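Asks: Read off the chains here:
Number of protein chains: 4
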Amino acid sequence: MSIRRPESGPEKAVADWWRTDIIDMKPGEISYYGYPIESLIGNVSFTQMIWLMTQGELPSPEKAKLLDAALMSAVDHGPQAPSIAIARMASTCGVGLNNAMASAVNVLGDVHGGAGEQAVTFYQMVNEIAASKNSSIEEAVIEGLAKQRELHGKFIPGFGHRFHPVDPRAPRLMELIAEAKADGIVEGRFHSIALQVEKQLLNEKGKAIPMNIDGATAVIYGELGIPAELARGLFCLSRSVGILAHAWEQTQQGGRNKGPIPRDLLWTYDGHPKRDMKNKD
Amino acid sequence: MSIRRPESGPEKAVADWWRTDIIDMKPGEISYYGYPIESLIGNVSFTQMIWLMTQGELPSPEKAKLLDAALMSAVDHGPQAPSIAIARMASTCGVGLNNAMASAVNVLGDVHGGAGEQAVTFYQMVNEIAASKNSSIEEAVIEGLAKQRELHGKFIPGFGHRFHPVDPRAPRLMELIAEAKADGIVEGRFHSIALQVEKQLLNEKGKAIPMNIDGATAVIYGELGIPAELARGLFCLSRSVGILAHAWEQTQQGGRNKGPIPRDLLWTYDGHPKRDMKNKD
Amino acid sequence: MSIRRPESGPEKAVADWWRTDIIDMKPGEISYYGYPIESLIGNVSFTQMIWLMTQGELPSPEKAKLLDAALMSAVDHGPQAPSIAIARMASTCGVGLNNAMASAVNVLGDVHGGAGEQAVTFYQMVNEIAASKNSSIEEAVIEGLAKQRELHGKFIPGFGHRFHPVDPRAPRLMELIAEAKADGIVEGRFHSIALQVEKQLLNEKGKAIPMNIDGATAVIYGELGIPAELARGLFCLSRSVGILAHAWEQTQQGGRNKGPIPRDLLWTYDGHPKRDMKNKD
Amino acid sequence: MSIRRPESGPEKAVADWWRTDIIDMKPGEISYYGYPIESLIGNVSFTQMIWLMTQGELPSPEKAKLLDAALMSAVDHGPQAPSIAIARMASTCGVGLNNAMASAVNVLGDVHGGAGEQAVTFYQMVNEIAASKNSSIEEAVIEGLAKQRELHGKFIPGFGHRFHPVDPRAPRLMELIAEAKADGIVEGRFHSIALQVEKQLLNEKGKAIPMNIDGATAVIYGELGIPAELARGLFCLSRSVGILAHAWEQTQQGGRNKGPIPRDLLWTYDGHPKRDMKNKD
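The listed protein sequences correspond, in order, to chains B, R, A and V. Using my numbering, you'd call the opening residue of the first sequence number 1 and step up by one each time. Using my numbering, you'd call the opening residue of the second sequence number 1 and step up by one each time. Using my numbering, you'd call the opening residue of the third sequence number 1 and step up by one each time. Using my numbering, you'd call the opening residue of the fourth sequence number 1 and step up by one each time.
No lab work stands behind these hints, which were simulated from the structure alone. It cannot be assumed that every hint is accurate.
Identical copies look the same in the list; a pair holds intra-copy or inter-copy alike.
Said to hold, decoys possible - Below 30 Å or equal to it, Euclidean Cα-Cα: the simulated DSBU-like pairs (lysine-lysine) are:
#, residue 1, residue 2
1, Lys199, Lys133
2, Lys63, Lys205
3, Lys205, Lys133
4, Lys207, Lys65
Because the structure is a prediction, the values reported are computed rather than measured.
Based on the sequences and whatever the hints tell you, model everything.
Replies: Listed below in C-alpha cells is the structure:
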C-alpha cells in the first residue's frame, strides 16, 4: 500500500470529494494552512491554533488574547444548564467521556447556545445601519433595536439575565476590550455599539438591562471579525470545557443512571386515568 | 427509601418540574396514557405502541397498518446517505451501538431528514387553501405550489429524485393508501392532493417529477392526522432501523477507524502553499 | 452524471470500501437482502422489517410477534431515567427532534442500556454449560450463577428491580413465550433457564428476586437466536420510541433551557471557599 | 421567584442531588473552585482555565504551557479520520455546528480517541513497576512491555504510525518536555520512560517504531499528573478544534447530504441475489 493523492482520472474525483484548505499531509509531514506543525508547536498557543484552524491565518498575540478571554469566560454556568446536567447524567450511564461530551454539546442549540451568535448578528446589523446611512451609533442603535424586535421579538440577545442583576463576566470582558481599543489592537466599533445598546435599554425601560456574557463575548467576536455562526462554534468549544469538567467530576463521584431528581421522588402524572383495553372505544 | 409523589409543598414543585401525560408508575404498576402495560403486551403491536406513545390514543389496527407501512418503507437508502455512512464509520471507532446510532440519527436534520416533514406541511397548506377558499383540489394545488415556491424555492418536497426516475416505494405506498380510502379507513384528501401535485408538475414541466418516498409517507402522515414535526420524529425511528442494521453489519465486518475513502487515498489540499512562521507577516 | 458501480480498477476499490449485504440499488430499484422493496411494502410489518434488516432473513409472523412484544414493552420507564430526562431537556434548547433523540439514545450505555445484553450473555453462558457438560438446567444455573458473580459481581442482570417488587412487564412477556413454546414456535430453552434462575435466586436468598423487563426480553432474544450485542441495538430502537414521545410532549409543553430542577433552586456547592488569585500559592 | 439554596429539609435533598466542587453562584457572583470569575478573566488563559476546571487548582504558567502544547498539537489529522469526515458530512445535513461537533466528538472512542489514554496508562504501569521493584527504567520498560502485550495485544499505544514514518509532532513535543525538565518544571520521569520504550522497541524489532502524537502527549499528561481517563477528555477538547474547523469549512463550501464518496459512485453489494417474497421459504 502506498499513499496516493491522484493527480488525474476518476480517483482524483474521489480525492476531490474531500477537498480542504485546512490540512495537508505527506508521510512525515503535516501542515495547517501551510504552516508545518513542527513550526507551530511551542510557538503558537492553543487559542492561536483555534484561530488559525477556524480562520486560516495566525492572529497577533494581542488579538489572540481577546479570543482567549472570550473562550475562558464562558466555560460553565452550573448544573442547572441542560448541557451540564446532561453531561453529568450521561457519565453515570456507562458511556465514555467522549459520549457524555457529545450528548451535552449537542444541545447547545438556538436557545441554549445561540444567544452569542444572535448578539453578533444584532451588533452587525446596527453597524451596517450606521455605515449605510452614515448615521451616528446612537441613531443606529435605536433603529437596530426596533428592527431586532420586529424580526425576533422583545428580548435583545446579549442583554439582561434571569439570575444575575449584573453578570460579573461582562464588565471585566468589556474592560479588556476597552484596553485593546486604547492600545489600537481593535477598532472598538462593536464596543461602542454594545455600550450604546445598554444605555438605550436603560433609557427605554427606566431600569438597567445590563449586558450579559453573550453580549460581551459578542463584542469580542465582532471586533475580531469572526462570523456570527462561527461564534456559536467557538462557544461550543468553550462550554465543552465545563461539560468535560462536570462529566469528569461526576465520573469520580460515581453513581449509576443518575436521573434529574432524587430517586425517591416521582414525577407528576397529569394524563388519562387508568383505563381498560376492552373499552378502548 | 420510599417512593414519593408529593401532593403539596416544595417537593411537589420539584416533582411537577417533570410533568407528563405519557407514563404513570407505582411500585409494581406501569401505565401509558392510562393503559396498564400488562394489558398492552400481547394485544398491541410495536407500531400501535408507537402511535399510542406519540399521540395519546390507540389507533385502530387498520390505521396502524398505514403507519406501519410508512415506518417500514423508509428504513434505509444505502451507505451513500450521510447517516448510514456515519453509523458504519462510528462502529469502527470503539464506541457502542447506541453511540453509533446517536451520531447517525443526529444528522437527520432539515436537509437529510426534513423532506417528509416539509411535504406534510406543504400538503396541509394546500388542504387549507382548498378549505378556506372552498376551491377545488386542482385550484388549491396550483395556488399551493406557487406559495411553496415563493416561500421555500423551486424544489417541491416529496417530488423528484436524484437517483430514481421513479422511486419504487412511492407507488406501492400510494396503492395501500388507495385501498384504505376505498375501505373508508382514511378520508383520502391528502391522497388526492398528492396525485394532483404530481399531475400539475407534469403539466408544468412537460415531464414527470414523480412522487418520492417522502411525498408518499407524507400522504400517510397527513391522512392519519400526524403533525408535520412529529412526522420527522417518526422518520427518525424508521431510519434508525437502517442505521442499526449498518452499524451492526460493520461491527461484524470489523475494521478500525474506517474513514470515508480507502486508506491509501488522500484528500485534495487546496490551501496555502507551505509557509514559514518567521515570515508570517 | 451517471451512476456507476465500477467492476474493476481503482474506482472499484473505492466502491468496495462501502461493501454491504443489506441494500442494493439501481435507478428505480431498491432491494433489501434481495427482496425488492415493492414486494415488502404491504406484506411485511415494521417489526419483520427490523428483523430482516438486522438478521438478513424474514422471520415467520409468529416469531416476529415475539420480537414485537420485546420491542413494544420496553419503550419507556419514565422521566427519572437519564435518557428520557435528556430527551425532554434537549427539546427545550432549540434543537430538532432528531438531535434530542440522538443525545438521549447516546446514553443507553453499559449501565443504562446494557442489562438486556448482559442477561442474554448470561443465559447463553448457562445454556453452554448445560450443553457442554450435558448437565440439567438446574445444575447449569447453579454453576452459571457462580461464574456470573465471579466475573461481574453480585447483581444478576435481568433480575430484581429497584422500584418494582414485581416488574409487571416480565410475567406477561413470559406468558407469551410460554404460549410460543407450547405452539412449537420456539424451543423454550431460555424460558426454562430464566425460570430456573428465578427459582434458584429465591432459594439462595429466601426471598424473591423476580425477573425484570431486561430478564424477560432477554429470554425472547435468546429464543430467537439474536446475538447479545444486537439485543442492545434492538433495545435502543425500542427506547427510542419513549424518547421521541417525551421529546415531542416537551416540545408541545414549551419551555426554554429546562434544567433538571426548578429554576428557583440551586445545586449544592461543596468546593473550596472563596479565594483570591493573588494568594493562590 | 427567588433563588434558593435550601439548608435543610427535603428541598436540600433535591439541591444535593446536584452537588459539585466546581462552580458556585449567587446573584451577581460566579466562582470556580473558589476563584471569582472577575479575578480570572484577563489573568488566566483558556488553557489555564481548562486545567482549573478539570483539576481544581490553577497551574503555574510553565506547566500550563506544556498542557497547551498537548492541546494545540492534536487538533486535526485530516478528513480521513472518521471524526473529521463525520463533522463535514453532518454539516451538509441541515443541522447546527453544535450538532455536527457532537456527532463527531461522539466517535472519539476507545479505538479512535483512546490511544493517548492507553499510553498514559501504559507509562504509569511502567512507572509503578520501577517504583515497586526499585528497578531501573530499562528493566521496568522490558517488564512493562511484556505485561502490556499480555494484557492488550502486540500494539504498544503511542508508538508507530500507519502513515508517518516519523510523526512530526512527537519530536517537537519531546523537545518541549526536555526543556521543561531541564528547567525543573517537571520531573521528567515519563519522558525517560517514553524514550526508553522507543529504544527498546528498536532493539526488539531491529527497526524504529517511533513515538507518535499519542505517545508524546501522554508523556505530557503523565508528567503533569493528569489521570489517564481525563487525558481522553482533554484529547476530545483538542480534536474538537479540528472538528469545528472542518465543519465550518464545509458549511462555507455548501453541499447537501454529502455522502462519503462522489454521488455518481455506488457501493458494492455483496448480498443475496434478487429473490421473491412468495418463495421465501
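Asks: Work down the list of hints and note, for each, if the structure agrees.
Replies: Hint by hint, here is what the structure shows:
In the homo-oligomer, the alpha carbons of Lys199 and Lys133 lie at most 30 Å apart inside one protomer (21 Å), although the nearest pairing across protomers, at 50 Å, exceeds that limit. Within a single copy, Lys63 and Lys205 get their C-alpha atoms no closer than 35 Å, and across copies no closer than 49 Å, so neither meets the 30 Å cut-off. Taking CA atoms no more than 30 Å apart as the test, Lys205 paired with Lys133 passes inside one copy only; the shortest distance there is 26 Å, against 45 Å between copies. In this assembly of identical chains, the alpha carbons of Lys207 and Lys65 never lie at most 30 Å apart, being 33 Å within a copy and 44 Å across copies at closest.
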